[in-house]
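Student: Spelled out, the chains give:
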Amino acid sequence: MMYRVRIEVSLKQGHSDPEGETAAKSLQELGYPVKATHVSKVYTVYLSADSGSEARRLTDEMCRRLLANPTKDNYSFNIEEG
Amino acid sequence: MQEDVRICILRVGGTNCDAETKRAFDDAGAKAEIVHLNEAVEKGNLSDYNAIVIPGGFSYGDHVRAGAIWAKEVMAKLGSELLKLAEEGRPVLGICNGFQVLVEAGLLPGFKGVSKYPEAALATNVPIGYYCGWVHVRHVNSGRCIFTQKIPKGKMLRMPVAHAEGRFIFSKENEEALLEQLRDNDQLVFVFCSENGGPAGGKYPANPNGSFYDIAGLCNAEGTIFGLMPHPERAYYRWQQPDWTQTDAASPYGDGRLVFESMVEYLKAK
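These protein sequences, in sequence, are chains A and B.
As numbered in this note's numbering, residues 1 to 82 make up the first sequence, in order.
As numbered in this note's numbering, residues 1 to 270 make up the second sequence, in order.
These aren't lab readings, by the way, just hints derived from the structure by calculation.
Hints may be right or wrong, so weigh each one.
A short list of chain A residues far from chain B (calculated; beta carbon distances all over 12 angstroms) [claimed, not checked]:
1. M1
2. R4
3. L11
4. L27
5. V39
6. T44
7. L47
8. S48
9. S51
10. S53
11. E54
12. E80
13. E81
Restraint ranges, calculated between C-beta atoms of paired labels, are given here [claimed, not checked]:
14. G31/A <-> G154/B: 47 to 53 angstroms
15. K203/B <-> R4/A: 43 to 49 angstroms
16. R4/A <-> P152/B: 56 to 62 angstroms
17. S47/B <-> D50/A: 37 to 43 angstroms
18. A249/B <-> Q28/A: 52 to 58 angstroms
Just so you know, even glycine gets a beta-carbon here, dropped at the ideal spot from N, CA and C.
Between the sequences and the hints, there should be enough to build the whole structure, so can you do that?
Tutor: Printed below as a string of structure tokens:
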């Protein structure tokens, strides 16, 4: 079974987000009423797995092992068939 | 007494400081070899070397996070061999991208051996962007770190940095406790300082990346694994320094040599 997994890796609260701050400042300078900007990374992974629960287990493992560093990153994902 | 000290300088795509690192080791009295990771995997001969070095560069284009891909690759392909060597106390050095690899691989800070997941991160610089320039660091280690044993505690050194992800951080929830642990174990090695020797105090450009506690380099609890963001191999010779024509020609070397000298001397004495 093929699964389409959308993984979002974002910074944990309290950590500096220099890219987000730079974007926010730039948007404010363009005149937008922007309070803050947070940058996160989105990976779309096409995964072959025997079941939805297996796809979830593999995704969680991939996030812990490579895509997120638990010191500073949170991750979340949703999985769709197809 | 070890006659021949053999150093393995690993490389992958995107590594770009291997040649000058080899030259520095060779000049310091070791026999360094540049070995592609796949070659080391195929030959399975890491144990032939007295020390392993992960040099600077931008392995795999710094994608995902700087050093992350190489770290997971090296642990997947050479992990058991590397861990065996590390347990034996064979030195492992990571410079710049190498430091990022050691942190991502869980080898540093290494409070209790190797951690399954990283216990720290080298995050995006604050202020944001790639920073390339000469910085000053203070040696703060009391003797645990074998890579700086020839450097008196308190000595200031000048070396260049060149990175976009060098801001050393711990988890926000326990950063003070982990800093205390680094201090208690004598794991702090280099901290950024100002040109006149005062503390950088987190301020740019003395602290060029916003590192927590101005951390520029640290070792594991045993002092045998060391990572640093500055490039000692780019401050090895006097003529690599920006003001070299005005410095004392009597000494052909720059401050970076002390790291290589310390390491080679330690290995020769074994």
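Student: If a hint holds in the structure, say so; if it does not, say that too.
Tutor: Hint-by-hint comparison with the structure:
| no. | hint | result |
| --- | --- | --- |
| 1 | M1 | holds (26 angstroms) |
| 2 | R4 | holds (20 angstroms) |
| 3 | L11 | violated (9 angstroms) |
| 4 | L27 | holds (15 angstroms) |
| 5 | V39 | violated (9 angstroms) |
| 6 | T44 | holds (14 angstroms) |
| 7 | L47 | holds (17 angstroms) |
| 8 | S48 | holds (20 angstroms) |
| 9 | S51 | holds (25 angstroms) |
| 10 | S53 | holds (23 angstroms) |
| 11 | E54 | holds (21 angstroms) |
| 12 | E80 | holds (23 angstroms) |
| 13 | E81 | holds (26 angstroms) |
| 14 | G31/A <-> G154/B: 47 to 53 angstroms | holds (52 angstroms) |
| 15 | K203/B <-> R4/A: 43 to 49 angstroms | holds (46 angstroms) |
| 16 | R4/A <-> P152/B: 56 to 62 angstroms | holds (59 angstroms) |
| 17 | S47/B <-> D50/A: 37 to 43 angstroms | holds (39 angstroms) |
| 18 | A249/B <-> Q28/A: 52 to 58 angstroms | holds (53 angstroms) |
In this structure, the earlier hints numbered 3, 5 are contradicted, and the remaining ones agree with it.
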